[in-house]
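Based on the sequences and whatever the hints tell you, model everything.
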Amino acid sequence: MPRANVELNQIFHFKGKLARGAGFTGTGTDNHGNRLAWGTGTTDFSYMAGEYWAARMPQLRVYAHI
Amino acid sequence: MYWVVPVPDGGLAFSPDGRTATLVMKNVPIVDQPMWPSVDALATPAFMDFRLVLRQGSAPEIYEDASRWYRFTGFKAAAQLEAAVRVPSIGFEFKTDAIETSSANFAVMGEEINGKYYGQLLTKAGRQAVG
Chain A
1 MPRANVELNQ IFHFKGKLAR GAGFTGTGTD NHGNRLAWGT GTTDFSYMAG EYWAARMPQL
61 RVYAHI
Chain B
1 MYWVVPVPDG GLAFSPDGRT ATLVMKNVPI VDQPMWPSVD ALATPAFMDF RLVLRQGSAP
61 EIYEDASRWY RFTGFKAAAQ LEAAVRVPSI GFEFKTDAIE TSSANFAVMG EEINGKYYGQ
121 LLTKAGRQAV G
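Listed in order, the protein sequences are those of chains A and B. When we follow the numbering used here, the leftmost residue of the first sequence carries the number 1, and every step to the right adds one. When we follow the numbering used here, the leftmost residue of the second sequence carries the number 1, and every step to the right adds one.
Keep in mind that the hints were calculated from the coordinates and are not lab data. Incorrect hints may appear among the rest.
[As the list claims (entries may be wrong)] What follows is a list of derived Cβ distance ranges for each label pair:
hint, chain 1, residue 1, chain 2, residue 2, range
1, A, R35, B, M35, 16 to 26 Å
2, B, P45, A, T29, 19 to 29 Å
3, B, R68, A, T29, 35 to 45 Å
4, B, T73, A, N34, 37 to 47 Å
5, A, N5, B, Q128, 25 to 35 Å
6, A, R35, B, Q128, 53 to 63 Å
7, B, E93, A, M57, 39 to 49 Å
8, A, Q59, B, P29, 35 to 45 Å
9, A, A37, B, D40, 19 to 29 Å
10, A, R35, B, G18, 33 to 43 Å
11, B, G18, A, G33, 13 to 23 Å
Owing to the predicted nature of the structure, the values given are computational and were not obtained by experimental measurement. All C-beta atoms in this analysis are idealised placements derived from N, C-alpha and C, irrespective of residue type, glycine included.
Structure representation (structure tokens):
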């Protein structure tokens, strides 16, 4: 789980922008009109935008963890 | 959910000062698997739209472990999310309330270097120390 002082990235051989959030919670509505809570302590999202090394060459991409 | 997906061009945008990031994705194929990690957890194809907004704070954060070859340099952040999920095979749809009503208990944003790129930093630092 993302938290302070752990490796946040899911790509190895990487340099670039990274953000990670965890513990998302909120409320919402389903298509039957039911009000529901969503999210838990492990609901996490992130982005990783930069260069990583794969197939013996640098790759420039943006990925999301969902 | 628990996997990594490529972001289409334009999906990730930063404010001019770089302190706010907005990630928008639509019709992302996912798997609805509420009983995971049970071995026999039913997996149902689903789709999700979402908008993730992170706002950089002022408290610096640096996470580094030379034995694992990574360094994160950034700031604590505030993160919010809104999403809509569709599970066509069972006719289920769910939409979160407006993004302002969501919250996250952990968020950081910044830059990371790991693996071979981190190794290059160590090598460069070693050369400078020797030279």
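Hints, verified against the model:
1. Between R35(A) and M35(B) the beta carbons are some 23 Å apart, a value that agrees with the proposed interval 16 to 26 Å.
2. Checked against the hint of 19 to 29 Å, the pair P45(B) and T29(A) passes, with Cβ atoms roughly 22 Å apart.
3. Checked against the given bound of 35 to 45 Å, the beta carbons of R68(B) and T29(A), roughly 43 Å apart, stay inside it.
4. For T73(B) paired with N34(A), a C-beta distance near 44 Å keeps the hint of 37 to 47 Å intact.
5. Evaluation of the 25 to 35 Å hint for N5(A) and Q128(B) yields a pass: the beta carbon distance comes to about 27 Å.
6. Restraint check, R35(A) to Q128(B): a C-beta distance of roughly 60 Å satisfies the suggested window 53 to 63 Å.
7. For the pair E93(B) and M57(A), the beta carbons lie near 42 Å from each other, so the given range of 39 to 49 Å is met.
8. In this structure the supplied range 35 to 45 Å is violated for Q59(A) paired with P29(B), their Cβ-Cβ distance being about 22 Å.
9. The hinted range of 19 to 29 Å is satisfied by A37(A) and D40(B), whose Cβ atoms lie roughly 26 Å apart.
10. Checking the proposed 33 to 43 Å range against R35(A) and G18(B) shows it holds: the Cβ atoms sit about 37 Å from each other.
11. Between G18(B) and G33(A) the Cβ separation comes to about 41 Å, which falls outside the hinted range of 13 to 23 Å.
In terms of the numbered hints stated before, the structure departs from hints 8 and 11, listed from lowest to highest.
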